[in-house]
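Student: Okay, here's what each chain looks like letter by letter:
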Amino acid sequence: SQQGEEDPQALSIQEGENATMNCSYKTSINNLQWYRQNSGRGLVHLILIRSNEREKHSGRLRVTLDTSKKSSSLLITASRAADTASYFCATVDSGNTGKLIFGQGTTLQVKP
Amino acid sequence: DAGVIQSPRHEVTEMGQEVTLRCKPISGHDYLFWYRQTMMRGLELLIYFNNNVPIDDSGMPEDRFSAKMPNASFSTLKIQPSEPRDSAVYFCASSGRGGFPSDTQYFGPGTRLTVL
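If you're matching them up, the sequences are chains A and B in order. The numbering used here numbers the first residue of the first sequence as 7 and each following residue consecutively. The numbering used here numbers the first residue of the second sequence as -19 and each following residue consecutively.
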């Protein structure tokens, strides 16, 4: 079953613009992760943020986590055509069972 | 490291046939996961193993699905008999060293299954 929802479902922007994707979840979590999936490929891990963290950066990626609202956002700055992909958030429950529960994903298209 | 290896990459079969998907996790990883991805249902966790032992198979859709992990370097997901609604991309992922499960998961390239 899906943990939550991602918003928007699809996003189309021009190269150089910023892209923001949001993720909501339902249960208490140990950590939240973002993955990217290029068409026809497997998922690739981008960044992990733990429940006691509020913000994390990795290169052009910025992730925020608001546990009171059970939500997270992923910001990609200065987007490139190569960023075109689907982006998924995934949560690990507070029991830390190791299970990842994925959202439905946001499909990002970056136009050159 | 070669990453997670899955075979076959594509499988086309007829309804009623047995299908076996294979996965080789990254060496040293303690956890192995099987997922199914469809347009309708998104990415679903089917089953996962820790140290070759199945921990949670609550996502396995029905008795037609079974999974095994006979050793640390090999796992299979079997569907018998297959049905058209089983058509999906099946991913294997591995993670965890030293017993910590919530590390990054590394995904294989997937097996695209089509049941006619």
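What the hints contain is simulated information worked out from the structure, not anything from laboratory work. Keep in mind that a hint or two might mislead.
[Stated by the list, open to error] The following label-pair restraints were derived from C-beta to C-beta distances:
id: 1; chain 1: A; residue 1: THR73; chain 2: B; residue 2: PRO50; range: 39 to 47 Å
id: 2; chain 1: A; residue 1: ASP72; chain 2: B; residue 2: LYS58; range: 38 to 46 Å
id: 3; chain 1: B; residue 1: GLY(-4); chain 2: A; residue 2: SER64; range: 45 to 53 Å
id: 4; chain 1: A; residue 1: ASP72; chain 2: B; residue 2: THR18; range: 25 to 33 Å
id: 5; chain 1: A; residue 1: LEU67; chain 2: B; residue 2: GLU42; range: 36 to 44 Å
id: 6; chain 1: B; residue 1: ASP36; chain 2: A; residue 2: PRO118; range: 38 to 46 Å
id: 7; chain 1: A; residue 1: PRO118; chain 2: B; residue 2: MET(-5); range: 20 to 28 Å
id: 8; chain 1: A; residue 1: LYS75; chain 2: B; residue 2: THR84; range: 21 to 29 Å
id: 9; chain 1: A; residue 1: GLU61; chain 2: B; residue 2: ARG2; range: 23 to 31 Å
id: 10; chain 1: B; residue 1: GLY(-4); chain 2: A; residue 2: THR73; range: 29 to 37 Å
id: 11; chain 1: B; residue 1: LEU96; chain 2: A; residue 2: GLU59; range: 41 to 49 Å
id: 12; chain 1: A; residue 1: LEU81; chain 2: B; residue 2: ASP37; range: 20 to 28 Å
id: 13; chain 1: B; residue 1: SER46; chain 2: A; residue 2: SER64; range: 33 to 41 Å
Virtual Cβ for every residue (Gly too), placed ideally from N, Cα, C.
Student: Out of the numbered hints, which ones does the structure contradict?
Tutor: 7, 9, 10 and 12
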